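Visitor: So you can see what is in the structure, the chains are spelled out below.
Number of protein chains: 2
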Amino acid sequence: MESLAVAGTLRGREGEGTRMDKVNLGRAFASFAEHWSPRIVGDVNDMQVKVAKLQGEFVWHHHDQEDELFLVVTGRLVMRFRDREVSLEPGELIIVPRGTEHQPFAPEECHVLLFEPRSTLNTGDMENERTVRTLERLA
Amino acid sequence: MESLAVAGTLRGREGEGTRMDKVNLGRAFASFAEHWSPRIVGDVNDMQVKVAKLQGEFVWHHHDQEDELFLVVTGRLVMRFRDREVSLEPGELIIVPRGTEHQPFAPEECHVLLFEPRSTLNTGDMENERTVRTLERLA
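First to last, the protein sequences are chains P and S.
Note that my numbering has the first sequence beginning at 1, numbered continuously upward.
Note that my numbering has the second sequence beginning at 1001, numbered continuously upward.
Because the hints were derived from the structure by calculation, they are not lab data.
Just so it is clear, the structure is predicted and the values come from calculations on it, not from any experiment.
Taking CB as the label site, the calculated pair distances span:
| id | chain 1 | residue 1 | chain 2 | residue 2 | range |
| --- | --- | --- | --- | --- | --- |
| 1 | P | Gln55 | S | Glu1129 | 45 to 53 angstroms |
| 2 | S | Val1078 | P | Glu129 | 41 to 49 angstroms |
| 3 | S | Gln1103 | P | Arg133 | 33 to 41 angstroms |
| 4 | P | Pro90 | S | Pro1107 | 20 to 28 angstroms |
| 5 | P | Asp46 | S | Glu1089 | 26 to 34 angstroms |
| 6 | S | Glu1136 | P | Pro90 | 24 to 32 angstroms |
| 7 | P | Arg137 | S | Phe1081 | 21 to 29 angstroms |
| 8 | P | Arg137 | S | Arg1082 | 20 to 28 angstroms |
| 9 | S | Gly1056 | P | Glu129 | 46 to 54 angstroms |
Some, not all, of what chain P presents toward chain S, calculated at C-beta under 10 angstroms:
| id | residue |
| --- | --- |
| 10 | Met20 |
| 11 | Val44 |
| 12 | Leu69 |
Don't be surprised by glycine CBs; every beta carbon is placed ideally from N, CA and C.
Looking at chain P on its own, in the form it has when it is part of the complex (with noise of 0.2 angstroms):
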């Protein structure tokens, strides 16, 4: 685990403000604990990339109008569709189809990449205590 100083420079050059910084996912990943809550790292036109660390089993739900892609940097997410389950590892992503159910299952802690349209909302059609409207953009 990196300092918070550390973790703090997701960037490539510090202070500069633009999006032609990388981003190193290790420090972002180091850079927050909490699970269930994406954090922004980049936008690329109407979509967003997001980071987000799962443990546990989330809500079932869907997103109406979003495509939602996993891809999966550390541990292992089981992705449940109402009559299956995939199971991915590291360097394996998943697309879930907008209008699809699903209900992410991390067995223990797992870190993924997401890629998704701006206005995808985590608990999609639920809302509930998990349901985060406003993410923390670390870069």
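With chain P's structure known, arrange chain S on it following the hints.
Guide: Just chain S now, kept in the frame of chain P:
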């Protein structure tokens, strides 16, 4: 390097046509050898996820409308801008904003994940022998 028989099965479950199958990046990279010829591995709304092998110097170009994300999976990528360059190691990403001239340079072979609008042409405003208009789809 995996055999082509293995490499041909990129999805979690063979023979299924949905996008809910996973993509294994190692197998995706093992399934082709050409440099500077991105392969599509998925769609997220109007964006595409691509994998590419880079080696050497690409052409200077920009994209008028498209931001472009490069995530280094293996190797090292140097993203050159007109006024500086950024060196990226595995686990590091950079987003090149639309309109920004850039030249990717890979001192040795480098494997990258790309995330960009479907409309993105690999050589941007430049058309030459490296332009690839129709990309192969791996998943």
